[in-house]
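Chemist: Next come the chains, spelled out residue by residue.
Protein chains: 2
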Amino acid sequence: MKLSPAIEQLVESLKRLPGVGQKSAQRMAFHLLERDKPGASRLSDSLKHAVETVGHCNSCRTLTENDLCSICLDERRRDSGVLCVVETPADVLAIEQTSQFKGRYFVLMGHLSPLDGVGPSDIGLDKLEQQLQSDNIEEIILATNPTVEGDATAHYIADMADQYNINTTRIAHGVPVGGELGYVDQTTLGHAFSGRKQFTR
Amino acid sequence: MKLSPAIEQLVESLKRLPGVGQKSAQRMAFHLLERDKPGASRLSDSLKHAVETVGHCNSCRTLTENDLCSICLDERRRDSGVLCVVETPADVLAIEQTSQFKGRYFVLMGHLSPLDGVGPSDIGLDKLEQQLQSDNIEEIILATNPTVEGDATAHYIADMADQYNINTTRIAHGVPVGGELGYVDQTTLGHAFSGRKQFTR
Ligand SMILES: [Zn+2]
Ligand SMILES: [Zn+2]
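Chains as they are written, first to last, in full-length UniProt numbering: chain C, 1 to 201; chain S, 1 to 201.
Some hints could be false.
In this list, chains with the same sequence are indistinguishable; a pair is considered to hold if it fits within one copy or across any two.
Within a straight-line C-alpha distance of at most 20 Å, the following computed SDA-like cross-link-like pairs (lysine to any residue) qualify [said to hold, decoys possible]:
| no. | residue 1 | residue 2 |
| --- | --- | --- |
| 1 | Lys-197 | Pro-176 |
| 2 | Lys-23 | Ile-95 |
| 3 | Lys-2 | Asp-91 |
| 4 | Lys-15 | Arg-27 |
| 5 | Lys-102 | His-155 |
| 6 | Lys-48 | Arg-78 |
| 7 | Lys-23 | His-173 |
| 8 | Lys-37 | Lys-102 |
| 9 | Lys-15 | Leu-181 |
| 10 | Lys-48 | Pro-38 |
| 11 | Lys-102 | Phe-193 |
| 12 | Lys-127 | Ile-141 |
| 13 | Lys-48 | Leu-132 |
| 14 | Lys-127 | Thr-187 |
| 15 | Lys-48 | Asp-36 |
| 16 | Lys-2 | Ser-41 |
| 17 | Lys-15 | Arg-42 |
| 18 | Lys-197 | Gln-186 |
In case anyone wonders, no lab produced these hints; they're calculated from the structure. It should be emphasised that the depicted structure is a prediction, and the values quoted were computed from it without experimental measurement.
Use the sequences and the hints to build the structure in full.
Modeler: This is the structure we're talking about:
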């Protein structure tokens, strides 16, 4: 049996969402059409509006429909002298939820990946270099992912920062707090060992 | 930190999809805006089109944008004399996937639920009764869910069918094929025992 074309098309479109397969897409389509047409219309409008208006912050490159995102508009954060480099807007959200960081960000929207043709300017490193030259930055915190590409990107940026005598730090990687050693993946455990510190009492 | 309004609104709209919480909604929004704006536009259009066109089949009440769904348009299925009553369009899909059933359907779009004010006409039982009178129906297969409401609805329809001397059957409920007894819920196991059959060799 085939679904009617309008429903089939909706199911196919929903399947483009990450983590949504055929079954979930059908469940979503039926739910919206049987019980929440206002929700479906609202989602349609929100998608259209976001696609038309959302671009990148002129300063940090994160996603926003304004010229500058709310963090870059915050003078205290701009003037903090600390810049944290992350790969994605989701990383910004995650760090903001800790409430630990009061500086500004630079969002690469990816990482260096020569094999895929992603070079420095594709992840905004030319723009970052301008900021290292002109802005008053004292410390760069490298918060790229602990992957081969993330590490390579971190090294590239650290070399760049050296030219401007800017101090560079890397966030700690290791066993998650509350995590059990037996359930932690090998890479994380490797980082936990190589990044070990003197035990103080 | 707050997301920019357009992204926040998109995240809130995505959260109305079943099974999607804050984290998944954020991941979906970022994915679409960072990497798949065409997909986001297509989803927006599909939602709008489906909301505007999809209604109910005039005969079986399932979701379709046409007057009659593809199954009701199939003369062999209409003339089969067998009508299967289910609660939702998703149930139709599930049964169609077995390729076992060659008759037609009647989709209640719910079940009797007096406490929620859902009576017979709210689930189309007046329309079903018209079909029992006018159409040539020999058997009604009750495939409502094995819940209190689904069972009550099945009983109500069986009583109605009796008035028109139409034979009524109920699909079997029991331990799923390939399922392990220890992992089956109590209700299913109860059905499996009460519905036991003579063992034949
Ligand atoms: Zn910004
Ligand atoms: Zn139909």
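Chemist: Does the structure break any of the earlier hints, and which numbers would those be?
Modeler: 5, 6, 7, 8, 9, 11, 13, 14 and 16
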